[in-house]
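Please work from the sequences and hints to get the whole structure.
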Amino acid sequence: MTRRLAVFAVPFAVLFSGALAAPAGPPTPTPPSKAVASIGCVDCHLALDDARVSPPAKLFAADIHARSGFTCASCHGGDPRAEDQDVAHDPKKGFRGKPSPKDIPALCASCHSDAAAMKHFNPSERVDQLAEYRTSGHGKALLRGDESVATCISCHGAHGILPVKDVRSPVYPTRVAETCNRCHGDATLMAAHKLPSDVYAKYQKSVHFEALMKKGDLSSPTCNSCHGNHGAAPPQVGSVANVCGTCHTVFAEQFKASPHWEAFAELGLPGCVTCHENHAIVAPTDAYLSTGKDGKCVDCHEAGTEGARSAAAMREDILTLEKQILAAKGALQREAEAGMLVARAQFDLSRADEALTKARADVHLFQPYAVQQTAAGGLTIARTAQAQAALIRHERDFRRKGLVVALLLIGISIAALVAKIRDLDRRKSPRSGS
Amino acid sequence: MDTADQEHSRRRWLTYLLGTSLGASLVSFLYPILRYVVPPVSSEPSLSEIELDVKASDILPNSGRIVPFAGKPVILFRTAAGELKALSATCTHLACTVQFRGDRSDIWCACHNGVYDANGTNISGPPPRPLTKLDVAVRGEKIVIRRA
Amino acid sequence: MSSDGPERRAAAARLSPAAWLRDRIGWDGIAHLAAKKEVPVHRYTLLYYLGGMALFLFLVQVATGILLLLYYRPSAAEAFESVQYIMAEVPFGWLIRSIHSWGANLFVGVVILHMASVFFLKAYRAPREMTWISGVLLLFLALGFGFSGYLLPWNTLAFFATKVGTDVPAQIPGIGLLLSRILRGGSDVTGATVSRFYGIHVAILPAITTLLLGVHLVLVQQKGMSVPLSVEGTKPRTMKFVPDFLLRDMVGWLIAVGLLAGLAAFLPWELGQKAEPFAPAPAGIRPEWYFLSMFQFLKYLPAEIAGIPGELLGILFFGALAAILVLVPVLDRGASRGQPSPWWNRLALVALAGALVLTFLALLPPPGQVKP
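Chains as they are written, first to last, in my numbering: chain A, 175 to 608; chain B, 2 to 149; chain C, 653 to 1024.
Keep in mind the hints are simulated off the structure, nothing from the lab.
Worth double-checking, as some hints may not be accurate.
Unchecked claim - Below, computed lysine-lysine pairings styled on PhoX-like, alpha-carbon distance capped at 25 Å:
#	chain 1	residue 1	chain 2	residue 2
1	A	Lys602	C	Lys688
2	A	Lys503	B	Lys73
3	A	Lys602	C	Lys892
4	C	Lys689	A	Lys602
5	B	Lys134	C	Lys926
6	C	Lys951	A	Lys594
7	A	Lys389	B	Lys143
8	A	Lys497	B	Lys73
Take a look at the structure:
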């Protein structure tokens, strides 16, 4: 053990001279080779087999910082070569023990906000996380002295830190929501901060959750997509449309061109969230335009007002188009089941589905005329498809009529044959000799 | 004798009926067969290769359109340099139909702002995979699309 | 009457074209033989029509098959599309193709019925053993036609059914893999398999069938119609083959044509989806109904019995059954002596019942799946 330590002691001493010299200063950004790792600290801490001090040592082996050549001492200070605990943990050697939550952001930032330092490892890595954090709800509360909020290690972990792109990382897109939920689902903790604790449950009902978790679409939003990563804070009321619009560009543009844009701003309504909710975003239906219990327009537009009439008109156009498309699909399906080939007609009809989708999107212009135009285009296609189905039906009937004719002829032939057979038999019977 | 004559004529009538009905039946079998043997106007059966209705000169440089191919939409476009290309028009994100943007010479999906370049490579937005390439062959004014 | 010489030549000069033709092809001799042919009339006479029906349906298959091959293209890239083309673009293509597909099933069904009736009537007893043997071989050829033809549209169902079907001979030790390779035209079912099955379906099998059918029909004419044992000894009433039996045959044939046309118009044969060799097999893959009993039987065999793969034992079992079927006239001593052979009948009934039960079981939806 002593010999091993001695072998590495010299390069260690050279490279960590900086750390040894000053107490809690930033570690030198040129670590020794990976083989050294944190031999000193890890060996002891593992051997102790204590639930408090052993897990970090076990976890650190998988940590990305370990792979980049950092050691326990890089963050905790102290002397990793020492065998004696007092020496290893000597504050004069820079040992700072377990950092308190309020010190953590600065500790991590000592490297991660240093552009020159980060360039050594990953030139395109961002270095503004601390600045962002300070704008976040968590950062602001921490500055006020609230240590129950999230810091870097709350989400990234402390010792087995994996890159974000690693699927096992707690901040990999499919795991972000459950990571946030560790605190944001804790009713007591949330009550203390006057925040709801059912957000994750709501998010699980959403189409975004389904797309991300069940369909594996990593572009689907999770908590940090809308709230930000390090500067995590809910978007302001006026920002909602922009935030949703980063993906739903068409709807955002339409909404901004619509009369609702200014009206909502005046009323302080939160843009898209007004009708679509913020966390439990479910698939919208045409019922949103109705006056029933799912109706959204009626929340503001009383019956008889122009707004209510517009909503009704848009709904009417969309439902009519949908009905005609279904009729066309049904007719073609019937022909397909009867064995006719309908592929071309079905392809042409699919353009009508696109028109229906676009009509539903055009609702966000909140101008009935726009929806009417789009729906009219789709109606033409649907009616053409119905006509095509009728033609195919006509062909099918022709086949059946042709068949009836053929069967009739066959039937007559059979009857004639049978008569002939009877006649021949009669001729052979003893009555009249052959 | 009367009955013998009657018998005779009935027999003749029967044979006549039999012959005629069998003959007519035979015609009803032969008619479809003869029609079948004459090839239809569009003599290329293969849907792995389709000749399009649109003429090559109809597609101007830096423009594109959607055409059907084996029941699925295909985006047929001409680059600014004049080359005719075809890609599957089904966006690899959530299957919306993409469109060609002449002002940017790229392919855009209106649903969630996915962008592909003229080679079909997904360059921006949510699409996870490029668009499938298809072969385009031009014979005079005729455009033929084939699976790559 | 005819003899070479000046007399004949003089006579020939006075012949009408029709009469000249008749003379040169020896029509009178054939007509004479045909006129002599008599068919016994008894309570089982109806079963005699099955042979002619099988022949008629075979000819329907040949005719529609020839028409289909005017448009069909035997390659993985074009097979499916060419069948789609026939169904959608070619005038009456839907009719020809559906008749061919339905006709194949009808044909196999009638061949099986014909074989069953010949079996139970003991028509295979001496001197008609070779007629039976050639007939059973023709049955195997018919099944071969069915199996090879099934792949040709290159749709999902056909692809996977062929994959499973050509996996079976691979189980045979030693030559199994080689056999499977020869069948498939490679180690997997690919476009090479389509080409090969096409060649088998339109050239190889028809050539062999023509020969064997010729032998079978000549033997039938040579030996005359057999009568059941109960009728043997008595002198049953007979009817002339031409025109009485033939006219009745024609009634049956016309009914068959009407049935096929009706099926084509009301229950057209489906096209399915184009085969995608790398996609996973969909649920519910199964071969045509005439292979279902064997298919189901193989499913019940355990993976291994006494160290021998279960499937191999299954194949050997089928091989043994086939051998017994071929050799029935030789093995059934009773019949060859002109005596009833009740044990053979019972064995056949058990086998038939078993096949029916297995077929029925194969048609049920798999457990835990609701049939759509």
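Hint by hint, here is what the structure shows:
For the suggested pair A:Lys602 and C:Lys688, the alpha carbons sit about 16 Å apart, so the restraint of at most 25 Å is met. Our distance criterion of 25 Å between C-alpha atoms is met by A:Lys503 and B:Lys73, whose separation comes to about 17 Å. For the suggested pair A:Lys602 and C:Lys892, the alpha carbons sit about 11 Å apart, so the restraint of at most 25 Å is met. As the CA atoms of C:Lys689 and A:Lys602 are separated by approximately 17 Å, the hinted pair is consistent with the 25 Å bound.
In summary, the hint linking B:Lys134 to C:Lys926 is supported, as the alpha carbons are separated by about 20 Å, within the 25 Å threshold. Taken as a hint, the C:Lys951 and A:Lys594 pair is broken in the structure, with Cα atoms around 53 Å apart against an allowance of 25 Å. Among the hinted pairs, A:Lys389 with B:Lys143 is inconsistent with the structure: their alpha-carbon atoms are about 41 Å apart, more than 25 Å. For the suggested pair A:Lys497 and B:Lys73, the alpha carbons sit about 23 Å apart, so the restraint of at most 25 Å is met.
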